[in-house]
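Q: So the protein sequences, as listed, match chains A and B. With numbering that gives the first Met the number 0, letter number 31 in the first sequence gets 30, and the count goes up by one each step, no holes. With numbering that gives the first Met the number 0, letter number 532 in the second sequence gets 531, and the count goes up by one each step, no holes.
Be careful, since some hints might not be right.
[Unchecked claim] Stretch-level coverage of chain A by chain B, calculated; a stretch enters the list once three of its residues show a Cβ under 8 Å from a Cβ in chain B:
(1) 98 to 106
(2) 236 to 250
(3) 287 to 298
[Claimed, not checked] With the Cβ distance kept under 8 Å, some of the chain A side facing chain B (calculated, not the full set):
(4) LEU33
(5) SER37
(6) GLN40
(7) THR43
(8) ALA45
(9) ARG48
(10) ARG49
(11) ARG56
(12) LEU113
(13) LEU183
(14) ARG257
To be clear, the hints were calculated from the coordinates, so they are not data collected in a lab. These numbers were taken from a predicted model, which means no experiment stands behind them. Virtual Cβ for every residue (Gly too), placed ideally from N, Cα, C.
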Amino acid sequence: MTVSTKDITQTADQLPVAAHPARFPRNPGIPLDLDWVSSVQVNTSAVERRAGSLGARRSVKKDYQAAWLLRAITLMDLTTLNGDDTRGKVRRLCAKAKRPLRRDLIEALGVEDLNITTGAVCVYHEMIETAVEALEGSGIPVAAVSTGFPDALSPFHLRVKEIEESVKAGASEIDIVISRRHVLTGDWQALYDEMRAYREACGEAHVKAIISTGNLGSLRNVARASHVCMMAGADFIKTSTGKESVNATLPVSLTMVRTTREYEARTGFKIGFKPAGGISKAKDALVYMSLMKEERGNDWLEPDLFRFGASSLLGDIERQLEHFVTGRYSATFRHGIS
Amino acid sequence: MTVSEIFKTMEYGTAPESAAEAKAWLDRHDSTFGLFIGGGFTKPGEDRFDSMNPANGETIASLTEATSKDVDAAVKAAAKAQKHWAALGGAGRARHLYALARLIQKHARLFAVLESLDNGKPIRESRDADIPLAARHFYHHAGWAQLMEREMAGYEPIGVAGQVIPWNFPFLMLAWKIAPALAMGNTVVLKPAEYTSLTALLFADICIEAGLPEGVVNIVTGHGPVGAMIAEHADVAKVAFTGSTRVGRNLREQTAGTGKKLTLELGGKSPFIVFDDADIDSAIEGIVDAIWFNQGQVCCAGSRLLVQESIAERFHDRLRQRMRTLRVGDPLDKSIDLGCIVDPVQHQRISEMVALGVDEGADMFREETSLPENGCYYPPTLLIGVEAGDTLAQEEIFGPVLVSMNFRTPAEAVQLANNSRYGLAASVWTENINLALGVAPQIKAGVIWINCTNQFDAAAGFGGYRESGFGREGGREGLYEYVKPSYLKSLKDAAPVTPHSLTEGGGEGIDRTAKMYIGGKQARPDSGYSQPIATPKGKLISHVGIGNRKDIRNAVEAATAASGGWAKASGHNKAQILYYIGENLAARRGEFETRLREMTGVSSKVAAGEVEAAINRFFTYAAWADKYDGQVHSVPLRGVTVAMKEPVGVMGIACPDEAPLLGFVSLVAPAIAMGNTVVAVPSQAHPLSATDLYQVFDTSDLPGGVVNIVTGPRDELTKTLADHYGVDGVWYHGTQDGSAMVERAAAANLKRTWVNYGKAIDWTDPAQSEGEEYLRHATEVKNVWIPYGE
């Protein structure tokens with residue numbers, strides 16, 4: 000199918016577009032195209048084979064590995080999403096986001112001028128103000144999970160309201176959760192309408208659509224849900240809440256990343272991708288980054304198009320970088336906790 | 000570059016695998032090798048050649064060019080070892096094979112690095128594919144050795160196997176050859192390819208380390224003529240070859256009539272078919288695995304892309320996009336997709352073929368990335384706009400070059416897929432299971448991969464149809480290539496049978512002339528000549544037509560026309576017809592007995608016995624028609640790998656003179672029971688029992704063209720059949736010379752042959768004249784890989 004410029008312009012008119020300068024135009028969404036959705040094919044076995052060979056096909060070593068791990072830090076949504084989060088905990092997280100690496104390691108790596116920080120901090124609504132305050136002047140955005148995270152079963156108007164409140168509180172990125180039931184019942188119109196409403200509520204804040212892959216039953220559904228969310232104006236598509244029993248995996252990531260390529264081919268808009276949950280090792284991060292580089296290119300190694308949702312990944316990266324610098328295997332207690 | 004700079008460019012850098020251990024191994028051998036004969040290395044010979052690292056052109060070892068004396072010594076050592084090796088029993092051999100498998104695993108990285116150094120393939124492939132698959136082959140066949148006495152009852156080792164392997168998968172091909180040969184009690188003399196002998200020599204070290212009895216494995220290095228010496232050696236009883244179709248054809252000619260068992264795994268131009276409902280991204284990735292695995296130097300490479308026209312443009316765009324991220328570079332770099340072409344000679348050939356393709360009008364695409372300055376590199380290349388008749392659509396390139404064609408319908412996809420002299424493999428991409436499983440049986444190829452490609456495992460047979468060769472490697476089907484039926488050694492030479500000459504006229508009753516039988520109709524001979532068939536006392540029984548090459552041509556046309564429908568007929572349906580033939584033959588029992596007595600002068604008891612046995616044989620193959628099942632192989636895949644038994648196709652069958660009725664029935668019945676159509680040449684001396692049968696066929700609902708009968712000079716007619724490009728297989732029962740003639744002529748299109756080398760089968764003994772051996776020769780095994788899971 001083709002999208003006429005008219006459609007896009009009209010749609011774009013209805014939505015506020017980010018004011019700050021961006022590398023690429025923001026995805027305004029397109030009308031729901033059910034023919035496209037139903038034509039989506041994903042062969043699970045083949046996707047698994049490709050995903051399985053990614054780690055073996057690309058290997059990043061020594062200086063390159065160090066640079067890639069530094070880059071991984073800048074792609075990270077450093078996250079705390081727990082019932083026992085307090086202002087103090089969030090302040091500590093933000094401090095870590097601003098200075099993710101020990102000063103001596105930064106110096107040894109000769110990367111002082113890179114001003115390495117995490118890509119964002121990700122919290123619940125209640126913690127937004129604390130985070131915004133703690134990060135003031137750092138340029139690090141605050142992302143908030145929203146829309147009745149993680150199950151998205153609160154009243155619809157409250158879910159929309161939650162977004163508005165979070166944006167008002169200072170969140171510049173909103174991670175929404177789709178209603179899985181719309182995918183499972185094939186109600187693409189409902190999914191589209193919901194996503195569209197969320198996107199509108201976000202205003203200038205960028206919206207990441209969590210499609211909760213672990214609940215969707217098949218890679219085909221993962222791909223279809225991704226497409227519908229992009230059509231409805233998602234800036235990012237994100238795998239999981241981190242609360243499902245299965246979170247980000249390489250096969251679902253590969254499937255979703257490929258949908259962004261298809262979407263770009265058809266509409267011209269670049270969509271970001273965020274795997275979340277279960278990525279806790281530096282080595283895993285490198286595989287994900289090579290997946291992005293292979294499937295989408297270097298543009299997807301920048302924080303405006305790729306993020307890791309992670310809480311413990313940073314600790315492993317710190318240890319690996321210390322090993323790179325000193326030649327000695329590191330220990331957790333040598334690095335500041337978040 | 001500094002860390003800070005890399006942070007900005009986000010390049011991969013290099014991830015080199017160390018070659019230190021491999022070099023240390025070469026140093027231990029002084030980088031100079033003799034031959035491995037009788038359990039030890041000989042002194043390096045006078046005549047030596049260099050083994051080169053294609054990544055930098057450096058010489059890494061000096062190898063001995065074996066002489067005929069060396070080959071003789073190796074074969075002697077193997078022959079001497081063979082009796083003890085066989086006598087060790089399956090369980091004893093299993094332990095040795097198990098030890099070899101273990102040692103390959105223990106030295107896996109050394110094998111992988113050495114392989115990449117010598118061959119230029121990416122270390123990722125040698126490490127993750129070649130070497131693990133080779134180890135798996137030894138494990139799997141350790142198991143078959145253990146089970147041989149039980150599972151292969153009635154079969155015995157062949158003796159010394161001469162094996163000649165190619166340079167594209169040096170160690171894996173060694174494993175494919177040696178493991179089944181050893182498991183079944185044979186010993187081997189193996190010649191690795193001259194470009195890539197090193198892992199075979201490392202394997203020799205492993206044989207010593209494993210304590211393999213001396214002489215069981217012998218490895219001789221050298222060029223083509225050394226391979227020919229092995230194949231020609233009188234004490235080599237089995238020849239197995241993987242390589243080019245040209246050399247395969249030569250080997251078929253060379254070994255014709257010698258009684259050497261031959262397997263050939265040759266070239267291919269395998270189709271990669273993408274239907275409009277495929278998962279496009281996965282299919283693109285499949286292409287990477289199909290044509291850019293091992294730089295496309297793969298006999299079963301998916302080198303002919305067939306895309307449904309409705310998605311072709313989008314598909315090609317995506318493919319070009321994918322090609323931009325392929326990395327070509329140092330084979331020992333863990334982050335590259337393509338390494339080196341094995342030798343400048345091959346590089347030159349690929350370049351010439353591509354130039355020819357462009358000249359013929361193909362539209363070439365390749366990413367203009369820089370290749371490493373030194374070394375034998377060729378960029379991944381796509382040629383669009385190649386049409387079926389173009390050279391590049393027909394000829395194997397054996398490099399990283401994909402040619403693409405479009406199709407409109409599934410039927411046209413099949414037609415294009417089969418528009419090739421080769422038939423090794425095919426890959427089919429669609430999310431529609433009906434389409435996939437509907438297309439798979441229609442493609443003439445030994446391996447079909449549904450939504451995957453280049454999958455291999457020791458438990459599944461691999462091998463081709465048509466000019467891609469014959470025989471299978473892997474699976475139960477592969478074991479039969481390394482055994483022979485135990486009854487063979489007891490066979491005696493067939494006594495020559497001469498037609499009785501006519502000394503008196505017929506005169507009694509109405510004149511009867513046996514016609515030929517073509518396409519379900521009685522046919523007069525094209526020659527217009529007939530010959531009399533007389534009783535032993537010289538009395539005329541009837542005339543039969545003297546067939547010639549045109550009658551054979553007509554019969555093959557009729558058999559070809561009938562082939563599609565008969566192959567598709569259900570087993571039950573074929574069984575019904577075979578039972579019916581048996582029933583109708585029984586009804587005319589007396590007539591057939593009389594005929595046998597008249598023609599051959601046998602006693603009525605013998606004649607009655609032969610007719611009864613013939614009736615019984617029809618019943619036997621009616622019974623088998625719906626029972627010679629395929630298998631589901633146990634391969635490491637979430638899915639099923641189905642070994643389907645398919646008819647060979649159009650078969651020529653030259654029938655024996657002994658037992659003129661039973662011999663004919665014993666050969667024709669299994670062939671048609673398995674769905675083949677047949678052109679039969681009956682006993683030249685006693686053809687009337689066969690021609691009498693067409694009236695039985697006519698009354699038994701046998702579709703016209705399934706069995707065709709051409710009478711006349713057996714060897715002359717069989718020669719036409721063996722020469723015929725449209726005939727897929729020939730069985731021959733006649734003289735030793737005739738057998739040699741059939742095997743030699745069959746080389747033209749590498750048709751399957753099964754000949755008697757002038758030996759007489761006892762057609763009354765079911766142990767040697769009926770059963771699964773006949774069915775196996777009447778079928779091809781096609782392995783269909785079907786991964787599943789949503």
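Q: Confirm or reject each hint.
A: A quick look at each hint next to the structure:
By the rule of at least three residues with a Cβ nearer than 8 Å to a Cβ of chain B, the coverage given for the region 98 to 106 of chain A is violated, with 0 such residues. Counting residues of the region 236 to 250 of chain A whose beta-carbon sits less than 8 Å from any beta-carbon of chain B gives 0, not enough to reach three: the coverage restraint is violated. Interface restraint, the region 287 to 298 of chain A with chain B: holds (5 residues with C-beta to C-beta distance below 8 Å; minimum three). Because the closest C-beta pair between A/LEU33 and chain B is about 17 Å apart, greater than 8 Å, the hint is violated.
Taken as an interface hint, A/SER37 does not check out: its beta carbon lies about 11 Å from the nearest beta carbon of chain B, beyond 8 Å. The beta carbon of A/GLN40 is positioned within 8 Å of a beta carbon in chain B (closest approach about 4 Å), and the interface hint is therefore held. Hint status for A/THR43: holds, given a least beta-carbon distance of 5 Å to chain B, under 8 Å. The closest approach between the C-beta of A/ALA45 and any C-beta of chain B is roughly 3 Å, which is under the 8 Å cut-off, so the hint is satisfied.
Contact between A/ARG48 and chain B, as hinted, is supported at the beta carbon level, the nearest pair being about 7 Å apart and thus within 8 Å. With 8 Å as the threshold, the beta carbon of A/ARG49 comes within range of chain B, its nearest partner Cβ sitting at about 5 Å, so the hint holds. Because the smallest distance between the Cβ of A/ARG56 and any Cβ of chain B comes to about 6 Å, under 8 Å, the interface hint for this residue holds. For A/LEU113, the interface hint holds, since its Cβ comes within 8 Å of a Cβ in chain B; the closest pair sits about 6 Å apart.
For A/LEU183, the shortest C-beta to C-beta distance to chain B is roughly 14 Å, which exceeds 8 Å, and the interface hint is violated. Interface restraint check: A/ARG257 against chain B, minimum CB-CB distance 5 Å, threshold 8 Å, status holds.
The structure shown violates the earlier hints numbered 1, 2, 4, 5 and 13.
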